[in-house]
Amino acid sequence: MRCILQRVNSAGVTLPGGERREISRGLLIYLGVGQRDDTARARRLCDNILGLRIFPNSESKFDQSVMDVKGEVLVISQFTIYGDPWAGRRPDFTAAAAPEPAKKLYEEFVEFLKLSGLTVKTGEFAAHMLVESVNAGPVTFYMEWPPGE
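Numbering (this note's numbering), first residue to last: 16 to 164.
Keep in mind that the hints are not guaranteed to be accurate.
Below, simulated BS3-like cross-link-like pairs (lysine-lysine); rule was C-alpha separation at most 27 Å, straight line [stated by the list, open to error]:
1. Lys136 / Lys119
2. Lys129 / Lys118
3. Lys136 / Lys118
Derived Cβ-Cβ restraints for the label pairs, each shown as a range [to be verified]:
4. Pro116 / Ser73: 25 to 35 Å
5. Asp83 / Glu122: 20 to 30 Å
6. Leu30 / Lys119: 27 to 37 Å
7. Asn72 / Ala110: 31 to 41 Å
8. Gly32 / Pro114: 16 to 26 Å
9. Val84 / Ala110: 17 to 27 Å
Calculated directly from the structure, the hints in this document are not laboratory data.
Quick reminder that beta carbons are idealized off the backbone N, C-alpha and C, glycines included.
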């Protein structure tokens with residue numbers, strides 16, 4: 016399971032029907048699901064994200080997690096994280112999970128986040144969306160579980 020994690024001052028997504036979902040200070044997560052991913056991997060990645068100290072303390076040092084600052088989270092499904100751009104002129108997406116299992120794990124990941132008590136909003140799985148963010152820093156991380164896979 017892979018994600019691009021961005022610390023944001025705000026972020027929002029416009030769904031195909033025009034519905035708008037927004038968060039204030041927190042995390043924007045682009046989540047990709049791979050063929051070998053499962054519930055345990057989703058849970059582990061979620062736990063790592065919730066505990067990752069990427070918000071500044073009073074001395075402007077990375078010392079607080081999204082839980083510490085009571086931030087909000089916006090999760091966007093993003094299968095292209097599993098794309099291999101070196102496979103030719105067109106990216107190869109064979110490492111990405113098929114839509115049905117990917118959707119199930121995406122939803123489980125979101126539910127794990129919600130158990131934290133934070134405000135969690137989502138895009139629409141497998142939809143073409145307009146995503147906007149105001150990055151804070153910028154602070155952006157690429158994360159995967161298990162590492163190196």
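Verification of the hints:
{"no.": "1", "hint": "Lys136 / Lys119", "in the structure": "holds (16 Å)"}
{"no.": "2", "hint": "Lys129 / Lys118", "in the structure": "holds (17 Å)"}
{"no.": "3", "hint": "Lys136 / Lys118", "in the structure": "holds (15 Å)"}
{"no.": "4", "hint": "Pro116 / Ser73: 25 to 35 Å", "in the structure": "violated (44 Å)"}
{"no.": "5", "hint": "Asp83 / Glu122: 20 to 30 Å", "in the structure": "holds (26 Å)"}
{"no.": "6", "hint": "Leu30 / Lys119: 27 to 37 Å", "in the structure": "violated (20 Å)"}
{"no.": "7", "hint": "Asn72 / Ala110: 31 to 41 Å", "in the structure": "holds (38 Å)"}
{"no.": "8", "hint": "Gly32 / Pro114: 16 to 26 Å", "in the structure": "holds (20 Å)"}
{"no.": "9", "hint": "Val84 / Ala110: 17 to 27 Å", "in the structure": "violated (34 Å)"}
Going through the hint list in order, the structure does not satisfy hints 4, 6 and 9.
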